[in-house]
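Since chain A is already given, all that's left is putting chain B on it; use the hints.
Chains as they are written, first to last, in the working numbering: chain A, 1 to 535; chain B, 1 to 452.
Don't take every hint at face value.
[To be verified] Pairs of lysine to any residue residues, derived as SDA-like cross-links and limited to a Cα-Cα distance of at most 25 Å, are as follows:
(1) A:Lys34 with B:Thr298
(2) A:Lys332 with B:Val56
(3) A:Lys483 with B:Thr298
(4) B:Lys55 with A:Glu324
(5) B:Lys406 with A:Gln117
(6) B:Lys49 with A:Glu324
(7) B:Lys144 with B:Val285
(8) A:Lys332 with B:Phe51
(9) A:Lys497 with B:Lys447
(10) B:Lys144 with B:His226
(11) A:Lys128 with A:Tyr337
(12) B:Lys417 with A:Glu372
(13) B:Lys406 with A:Gln111
(14) A:Lys368 with B:Glu31
(15) B:Lys49 with A:Gln127
(16) A:Lys47 with B:Lys181
(17) A:Lys383 with A:Lys457
(18) A:Lys128 with B:Leu38
(19) A:Lys383 with B:Leu2
(20) A:Lys41 with B:Asp435
(21) B:Lys447 with B:Gly408
(22) B:Lys396 with B:Glu182
(23) A:Lys332 with B:Glu402
(24) A:Lys325 with B:Lys53
(25) B:Lys396 with A:Thr115
(26) B:Lys302 with A:Gly431
(27) A:Lys457 with B:Phe14
Simulated from the structure, these hints should not be mistaken for lab results. Keep in mind that this is a model prediction, so the values were computed, not measured.
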Amino acid sequence: MVFRQAKWDEPLIYELGAPGRIGFLVPEVEEEIKKEVGEIKVPDKIKRSEPPALPEISEVEVVRHFVDLSQMAYGVDNGPVPLGSCTMKYNPKIAFEVANDLRVAYLHPLQDERTVQGLLEALYHLQKWLANIVGMDACTLNPAAGAHGELTGVLVIRKYHEIKGQLDKKTEIIIPDSAHGTNPASSSMGGFRTITIRSDADGNVDMEALKAAVSEKTAGLMLTNPSTLGLFEEHILEIAEILHEVDALLYYDGANLNGIMGYARPGDMGFDIAHINIHKTFGSPHGGGGPGAGPICIKERDVLPEKGVKLSDLLPGFIVKYDEKTGRYYLKYPGPYSIGMVKAFFGNVGPLLWGFTYILGLGPQGLKEVTEQAVLNTNYFTKLLKGTKGYDLPYGPERFRKHEVVFSAEPMAHDVGVTAEDVAKGLLDAGFYAPTIYFPLIVHEALMIEFSDTETKENIERYAARMKEIAEIAYKNPKEPKKWPVNTAKGRVDAVKASHPKTVTPTPEDSNTNMESTCTKRNRQTKSTQVKHFP
Amino acid sequence: MLKTIGIKSIEELFADIPEGARFKGDWNKLEIGLGRPLSEIEIRKYIEKLFSKNKVFMDPPPFIGGGAWPHYVPAVVKYIMSRAEFYTAYTPYQPELSQGLMQALFEYQSMMADLLELEIVNSSMYDWASATAEAFLMAMRIQKRKNRVLVPSTMNPYHRPVVKAYTEPKGLKIEEVKHDKETGLIDLEDLKEKLASKDVAAVYIENPSFLGFIEENAKAIGEIAHDYGALFIMGVDPISLGVLEAPGRLGADIAVGEGQPLGLGMNFGGPYLGIFAAKWDMRIVRQMPGRIMGLTTTLDGKEMGFAMILQAREQHIRREKATSNICTNEMLCALGAAVYMALLGKHGFRKIGELIMYRSHYAAKKLNEIDGVKAPVFKGEFFKEFTVNFDGAGVKYETIHEELLKRGIHGGLYVGKWFPELGETALFCVTEMHDKNDIDKLVSSIKEILSK
Numbered sequence: 001m002v003f004r005q006a007k008w009d010e011p012l013i014y015e016l017g018a019p020g021r022i023g024f025l026v027p028e029v030e031e032e033i034k035k036e037v038g039e040i041k042v043p044d045k046i047k048r049s050e051p052p053a054l055p056e057i058s059e060v061e062v063v064r065h066f067v068d069l070s071q072m073a074y075g076v077d078n079g080p081v082p083l084g085s086c087t088m089k090y091n092p093k094i095a096f097e098v099a100n101d102l103r104v105a106y107l108h109p110l111q112d113e114r115t116v117q118g119l120l121e122a123l124y125h126l127q128k129w130l131a132n133i134v135g136m137d138a139c140t141l142n143p144a145a146g147a148h149g150e151l152t153g154v155l156v157i158r159k160y161h162e163i164k165g166q167l168d169k170k171t172e173i174i175i176p177d178s179a180h181g182t183n184p185a186s187s188s189m190g191g192f193r194t195i196t197i198r199s200d201a202d203g204n205v206d207m208e209a210l211k212a213a214v215s216e217k218t219a220g221l222m223l224t225n226p227s228t229l230g231l232f233e234e235h236i237l238e239i240a241e242i243l244h245e246v247d248a249l250l251y252y253d254g255a256n257l258n259g260i261m262g263y264a265r266p267g268d269m270g271f272d273i274a275h276i277n278i279h280k281t282f283g284s285p286h287g288g289g290g291p292g293a294g295p296i297c298i299k300e301r302d303v304l305p306e307k308g309v310k311l312s313d314l315l316p317g318f319i320v321k322y323d324e325k326t327g328r329y330y331l332k333y334p335g336p337y338s339i340g341m342v343k344a345f346f347g348n349v350g351p352l353l354w355g356f357t358y359i360l361g362l363g364p365q366g367l368k369e370v371t372e373q374a375v376l377n378t379n380y381f382t383k384l385l386k387g388t389k390g391y392d393l394p395y396g397p398e399r400f401r402k403h404e405v406v407f408s409a410e411p412m413a414h415d416v417g418v419t420a421e422d423v424a425k426g427l428l429d430a431g432f433y434a435p436t437i438y439f440p441l442i443v444h445e446a447l448m449i450e451f452s453d454t455e456t457k458e459n460i461e462r463y464a465a466r467m468k469e470i471a472e473i474a475y476k477n478p479k480e481p482k483k484w485p486v487n488t489a490k491g492r493v494d495a496v497k498a499s500h501p502k503t504v505t506p507t508p509e510d511s512n513t514n515m516e517s518t519c520t521k522r523n524r525q526t527k528s529t530q531v532k533h534f535p
Numbered sequence: 001m002l003k004t005i006g007i008k009s010i011e012e013l014f015a016d017i018p019e020g021a022r023f024k025g026d027w028n029k030l031e032i033g034l035g036r037p038l039s040e041i042e043i044r045k046y047i048e049k050l051f052s053k054n055k056v057f058m059d060p061p062p063f064i065g066g067g068a069w070p071h072y073v074p075a076v077v078k079y080i081m082s083r084a085e086f087y088t089a090y091t092p093y094q095p096e097l098s099q100g101l102m103q104a105l106f107e108y109q110s111m112m113a114d115l116l117e118l119e120i121v122n123s124s125m126y127d128w129a130s131a132t133a134e135a136f137l138m139a140m141r142i143q144k145r146k147n148r149v150l151v152p153s154t155m156n157p158y159h160r161p162v163v164k165a166y167t168e169p170k171g172l173k174i175e176e177v178k179h180d181k182e183t184g185l186i187d188l189e190d191l192k193e194k195l196a197s198k199d200v201a202a203v204y205i206e207n208p209s210f211l212g213f214i215e216e217n218a219k220a221i222g223e224i225a226h227d228y229g230a231l232f233i234m235g236v237d238p239i240s241l242g243v244l245e246a247p248g249r250l251g252a253d254i255a256v257g258e259g260q261p262l263g264l265g266m267n268f269g270g271p272y273l274g275i276f277a278a279k280w281d282m283r284i285v286r287q288m289p290g291r292i293m294g295l296t297t298t299l300d301g302k303e304m305g306f307a308m309i310l311q312a313r314e315q316h317i318r319r320e321k322a323t324s325n326i327c328t329n330e331m332l333c334a335l336g337a338a339v340y341m342a343l344l345g346k347h348g349f350r351k352i353g354e355l356i357m358y359r360s361h362y363a364a365k366k367l368n369e370i371d372g373v374k375a376p377v378f379k380g381e382f383f384k385e386f387t388v389n390f391d392g393a394g395v396k397y398e399t400i401h402e403e404l405l406k407r408g409i410h411g412g413l414y415v416g417k418w419f420p421e422l423g424e425t426a427l428f429c430v431t432e433m434h435d436k437n438d439i440d441k442l443v444s445s446i447k448e449i450l451s452k
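Same shape as in the complex, but just chain A:
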């Protein structure tokens, strides 16, 4: 099958339209209102001095422009996106309809609670369902993304130690070297020092390293299980025990939850706090980078027993509660022990409703099946590719993977100089999205692949076949992969130039044809040398 992405020489939007055009008719002010109000008076010192330099385009031009651009984008609805750790699964269209329902879209976040009972009921159930899936006791839906959930979790850890009066000595958070970059970044935003510990040859946390790292200073540990290598952490119970002995909390990074639903729950493994990526495990789309939703759940425990303070009291945001007496749902605002809010108002309700509908449609049986299919897919693919010259399977090569597998292109890079990046571009040329590359950092030339439960057996076989073909080409003609991709809208993009401090600037007045790397097209010249080609 030949793949060819659309390649429109689509001009920048600034080069479209003509003076006097507008894409949206703004209603006229009513004459009676004009008469009553007279002139509106914005003080000169704060009045806009010049109209914004925005384009002037008609509605149909706007539509065609963005439709052209959409044809040079690629999502799950175009084909497989087996990005490891991203869980790019199919986004069910019924959930799209639910999340975009006008009876939700038109609700103001501070609207009287009695007028949003249907929505609150849905969110109340979602809190409960998520808690059950991860084996915990209470959830907040406030965080807007996975990393946002991590930050929330770290702030809860911080608050826990603060309330217990031990924050001055609890200064460190332990994170394995296989962790997502967001983990250490979140720990640092929470004011903690990150202690990195290595993984052992089987991909587990190195227990000796962990024991050496844990001390009275340890405030918490952040771990994803299965790990970013797709491996279940076999020492998890022992890890939890070691951490709890020094009164440190265990944080579960939920990015990889798709690999264990129905088989294991973070709350049963000793984790105290977990975040959930609704946009990974529960079918809400990634939106080209967002929005997502990153609720966090906690396992209840005492924080300050003499005052009755429990861990759930530390959660941020508006939490949906049910009043049995009135039969009404209501929002509980953050109390005195809460970390407060991490986002104004409730949370990302759109993505949350995708997740709600996804769980509603699947039920417990369906979710377990999702995990089984995802894990089956991973191991089937692993078996197909393992042993192919050019690729290596580091860390516990004999172990079964869970949601994802990380191959290494190091042998190929070493033998003929063809890298993980080249492999990625070769996959694009065949109409597939690439794996996550160069991550986790502990695998050289990493190719991190996650088909999730979505991909068919045929697609997995085609993907494996293409990877084998790429390896063959690499050994036969190592120069060829450097020319890839050729079937995409653009050839290989110069990312180094794009990020060089000397070339990154807003476009200067006269440089429309000068292809410097720029960050915004401010003060551009409107005259264009580009011609739009129609199909």
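For chain B alone, coordinates are given in the frame of chain A:
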């Protein structure tokens, strides 16, 4: 597949989960969904029953704002945001296959830069509140040893707890600058006093303010901030920027704001769009959080192309030394805002801004004519929100709210809980969605309620 793998059952793939870590209960009995898979027809029926319990205010639209507002969502915005190539895509880590998405986001950054008159815009933060928090953290990094940020005492109460949660671990001290009781404007003398010790990293203002009035001294505040070596950060409502001066021209070093008015709908709180922009100064740019799209060329230099730039600031490369932990953001909302900005274009922002101001002023004037009602409480100009005080009528706002609800109207936001000195005051919001009939209906209803 099992045969190829060399196993007999799927369970074998989970054999490495230690006994003690396994789930032992009856999974199918847990309260998850309705306890069984549903067909699409069943889902639809369930949802219909559920959502019919919501009350949508359309006639008239709700008169409530406070950080999210009832603005119109153009059909074109919804249509483009529904293009599956966009919404089912991941972050464009592979630029060659994602050029269309990246160009759209680059155009968002560019148009937002033009609206704000600032040079660099990232491709989104979660919302206004979190963008403000990140701006404060950024100011602290740029300003090294300075750890105070000054904010107006009228700052949005829904942003405060977010900013506090984000900045407390870094030891940032947030202090309020007094406001003039008559105008609401920032007290410039108090501002200077609080700046005197020269350890202030940044001065933050909102324009329009939470309480609706226009902070007309913005430029002077920026100059004062700069005189004392502080950065000037402005929080803005982008839909006001056709009539109100752009933050870049008022001297702002950093601008943040809420992109929700740009065709994104209210969605009971999200997803929204955190706007984050700064002026071109490498000292500032290097400390920016979030993703930034850039225009570059293909490796062979022949074609223009787009790439994510300055990624060395970000968590996937810098880990604990990153400028922020943000990864997933609100790209689709940025795309929607780009479409909105393109639709309105050069002159549309002024038109919609003026329409909003005419209507909000009409509403305030008519409400003010009612006995015992004062609107707005503050002297001076306002944009789309204004304070309405009912002390003179001797009625609790709660009562008015209840009575309005009975008439199918959702009134304003009671602000007495944060600003007790304002008494029985609510913040009302009027936008392009509220026509004269809607406003008249509100006014006559309040008149009726108070005359009872």
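Results of checking the hints against the structure:
With a C-alpha separation of about 54 Å, the suggested pair lysine 34 of chain A and threonine 298 of chain B falls outside the 25 Å cut-off, and the hint is violated. A C-alpha spacing of about 22 Å is found between lysine 332 of chain A and valine 56 of chain B, which places the hinted pair at or below 25 Å, so the restraint holds. Of the supplied pair hints, the one linking lysine 483 of chain A and threonine 298 of chain B holds, its CA atoms being roughly 11 Å apart against a limit of 25 Å. A hinted pair counts as satisfied when its Cα atoms are at most 25 Å apart, and lysine 55 of chain B with glutamate 324 of chain A qualifies at roughly 21 Å.
For the hint pairing lysine 406 of chain B with glutamine 117 of chain A, the CA-to-CA distance comes to about 17 Å; that is within 25 Å, so the pair holds. Our distance criterion of 25 Å between C-alpha atoms is met by lysine 49 of chain B and glutamate 324 of chain A, whose separation comes to about 20 Å. The straight-line distance between the Cα atoms of lysine 144 of chain B and valine 285 of chain B is roughly 15 Å, inside the 25 Å bound, and the hint therefore holds. Taking the CA atoms of lysine 332 of chain A and phenylalanine 51 of chain B, the gap is about 21 Å. The hint holds against a cut of 25 Å.
Restraint check for lysine 497 of chain A and lysine 447 of chain B: not satisfied, since their Cα atoms lie roughly 65 Å apart, outside the 25 Å limit. This hinted pair checks out: lysine 144 of chain B and histidine 226 of chain B have alpha carbons roughly 16 Å apart, not beyond 25 Å. With a C-alpha separation of about 22 Å, the suggested pairing of lysine 128 of chain A with tyrosine 337 of chain A holds against the 25 Å cut-off. Restraint check for lysine 417 of chain B and glutamate 372 of chain A: the C-alpha separation of about 51 Å exceeds 25 Å, so the hint is violated.
At most 25 Å may separate the alpha-carbon atoms for a hinted pair to count; lysine 406 of chain B and glutamine 111 of chain A meet this at roughly 14 Å. Restraint check for lysine 368 of chain A and glutamate 31 of chain B: satisfied, since their Cα atoms lie roughly 14 Å apart, inside the 25 Å limit. The straight-line distance between the Cα atoms of lysine 49 of chain B and glutamine 127 of chain A is roughly 20 Å, inside the 25 Å bound, and the hint therefore holds. Only pairs whose Cα atoms come within 25 Å are accepted, and lysine 47 of chain A paired with lysine 181 of chain B is accepted, the gap being roughly 23 Å.
The straight-line distance between the Cα atoms of lysine 383 of chain A and lysine 457 of chain A is roughly 13 Å, inside the 25 Å bound, and the hint therefore holds. Of the pairs offered as hints, the one joining lysine 128 of chain A and leucine 38 of chain B holds, with about 18 Å between alpha carbons and a cut-off of 25 Å not exceeded. A C-alpha spacing of about 10 Å is found between lysine 383 of chain A and leucine 2 of chain B, which places the hinted pair at or below 25 Å, so the restraint holds. Our distance criterion of 25 Å between C-alpha atoms is met by lysine 41 of chain A and aspartate 435 of chain B, whose separation comes to about 20 Å.
For the given pair, lysine 447 of chain B sits about 15 Å from glycine 408 of chain B by alpha-carbon distance, which is consistent with the 25 Å threshold. In summary, the hint linking lysine 396 of chain B to glutamate 182 of chain B is supported, as the alpha carbons are separated by about 22 Å, within the 25 Å threshold. For the hint linking lysine 332 of chain A to glutamate 402 of chain B, the alpha-carbon distance of about 21 Å falls within 25 Å, and the restraint holds. Proposed proximity of lysine 325 of chain A and lysine 53 of chain B is supported: the alpha carbons are some 18 Å apart, at most 25 Å.
A distance of roughly 21 Å separates the Cα atoms of lysine 396 of chain B and threonine 115 of chain A; the hinted pair therefore holds under the 25 Å criterion. Pair hint lysine 302 of chain B plus glycine 431 of chain A holds up; C-alpha atoms about 23 Å apart against a cutoff of 25 Å. Restraint check for lysine 457 of chain A and phenylalanine 14 of chain B: satisfied, since their Cα atoms lie roughly 20 Å apart, inside the 25 Å limit.
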